Amino acid sequence: MSAGASGTAESRSLSGGGDSTTAPTYADVNRDIIRTLEFPSNLYFGWMSFVALTLAGGIFAWILQIYYGIGMAGKRNPQMWAMYITTFVFWIGIGHAGTLISAILYLFRARWRTSIYRGSEAMTVFAVLTAGLFPVIHLGRMWLPYWLIPYPNERYLWPNFRSPLLWDVFAISTYLTISVVFFYVGLVPDIAALRDAARGLKHRIYAALALGWRGTDRQWRHYRRAYGLFAALATPLVVSVHSVVSWDFAMALVPGWHSTLFAPFFVDGAIFSGFAMVLVLLIPMRYYFNLYPYITAKHLDNMAKLILVTSLVLTYFYVCEGFVAWYSGEPIERASYLFKWVGVYAPWWWLQIFCNSVSPLVFFWRRARVHVPTLYVVSVLVLIGMWFERFNIIVPGLARGFYPYTFGSYVPTPVDSMIIIGSFAWFFILFLAFIKVLPSVSIVEVKETIPHPVRDAHARH
Amino acid sequence: MRHTPRPACSLRPRAARVSARYHRRTWSRCRSDGSPVTQTPAPGVVGVFAHVDTTVHAIRDLKARGFGRIAAYTPVPLEEVEEALTGHGLPRSPVRLFTLVGGLTGTLSGFALTIWTVLKWNLITGGKPVVSIPPFVIIAFELTILLGGLCTLLGLLVTAPLPRFRGSPRYDPRFTADRFGVEVACAPDQVRTVEEILKQAGAEEVRL
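So the sequences go chain by chain: H and V. Per my numbering, the first sequence starts with residue 60, numbered consecutively. Per my numbering, the second sequence starts with residue 1180, numbered consecutively.
Bear in mind the hints are in silico, worked out from the structure with no lab data behind them. Worth double-checking, as some hints may not be accurate.
[To be verified] Okay, the calculated beta carbon distance ranges per label pair:
#	chain 1	residue 1	chain 2	residue 2	range
1	H	L312	V	S1288	26 to 36 Å
2	H	Y377	V	T1284	35 to 45 Å
3	H	Y205	V	L1387	54 to 64 Å
4	H	K261	V	G1346	12 to 22 Å
5	H	I391	V	S1288	40 to 50 Å
Given the structure is predicted, the values throughout are model-derived calculations rather than measurements. By construction, the Cβ of each residue, glycine as well, lies at the ideal position given by its N, Cα and C atoms.
Please take these sequences and the hints and turn them into a complete structure.
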């Protein structure tokens, strides 16, 4: 009885009472967030060098592939997509959580998004930039990607608008453009705050980037309206992009791919893996920048809940996939599904099930949702699981088609593995550069959520 | 930039004298005491506030006294301030018109591009009509979002207006940190009154 009473008193002092004394003020927010842009430590440079070396390895592998041909990447009939498109879909998926957090949660007025949305939006932009490399890397003649763009030419040749691959070009380039615009518009008032705190060359660079933002009532009025409209436009876009990516598969008559399930299945998986990546990035960032007052246990808790929900939905889709295969009455469809369970790639299938459907179940316990090491491990597992989910769609799907003569397995080569590792390096180098150049937590939006300075509250002292 | 009059002293090093001459030439106009005259800003006053409620108060008082040309500088968007400035609910922004026009242009151009090109490059498959609307909806949708988004950006840049590097000289760098500003454009003989109102409302600092 007494223990319970003291427990509630303690929790009240931590949550209720703690807020009024430790809630940051406007000046604190500016100071704490601008502090993250100070000259980096040796640890940062160490990570940067490591990532840059890995990226150099990836670039070297790509040069080899361009020089000697696409066969270096282990592309042989019927495995023409293999790891490149796996990783492409993986990165596009990662790019979904950012817009979900910044646009959908904005429209739903979920106030807790404010301190994590900038980091996840940056993640979106960089993930889409990484994904965008893969269709080009995957081209046999990578110097001709502009053939996908509809432009007038002397032979009246136009791209085939009935091809899902072309829908992809439109969806992804739109998504990249809108994400960059949304990201930059959100940054402008923050860059103005950096401009006003900086001197010398830094001041001039930030002044140019801030476009002369001064925070007048007129600017805010149009800004807020524009921001809401961006969110409203980005919300259907984010759903459409991964649906279109899923139609790359679902429109083909390949067993295991030709299903109406694919669009929601892919969108859900994308959000799931995106949240995991947000946690993977934000947890170390919170530690190194000491952002504990801004990224609190509540944020981690909410993110973990979203991971749990999307995981359960994904599990439902896995079950549906089996049901569709069985109910179709189509022997090849059933064989293709069984092949995933017991065939050459079965270990990766079961790894995917463990990572995506089993490991997030720990988030049913609140303690796991706020326990940082657990969160981190589960997030990394989810990322692994989601990469293998795409692998298990693409590679086993193509390995066993309709006609046994065209059966063929895929084995990774050093070149394509190195390019894929290099893509992670490319993503992380962009993110590492970002956190030291631009505010990784939104100054303005965090200020909006904390109590506004009011004279009456301060009249006492 | 107030300069104290310097004594015309020949003991100053040559470099300094040259630089002073250079400055006088570049600024072109000099006051009688020799201090440079920069561009004279439009007359007006700015009050620096530390609190939202005092800022809103100042705006209301100024409006009640008939001052119309008021601008507020805030580190965050504040509905209270916007409402105080209009005197009634939140004002509308024309940005959404840009979005609408951009979005519709996107839809139309998406359909126009796809239909026109399939008619130009007449690839008949399975005897089906070449103008197949369902796949074109996807292109039209993406272009709706793309042009809608880009026009929203354009709308923001036009209405805000941005970029604008020459803002008011009374802008204070603290306005992006933790201070609120109320700027009033007024005739020189009203400066006193405005200063009074701002101070009374609780301004920390009032400047020309």
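Checked hints:
1. H:L312 x V:S1288: 26 to 36 Å: holds (32 Å)
2. H:Y377 x V:T1284: 35 to 45 Å: holds (42 Å)
3. H:Y205 x V:L1387: 54 to 64 Å: At roughly 57 Å between Cβ atoms, L1387 (chain V) and Y205 (chain H) fall inside 54 to 64 Å, so the hint holds.
4. H:K261 x V:G1346: 12 to 22 Å: holds (19 Å)
5. H:I391 x V:S1288: 40 to 50 Å: Holds, at about 42 Å.
In summary, the structure agrees with every hint in the numbered list given earlier.
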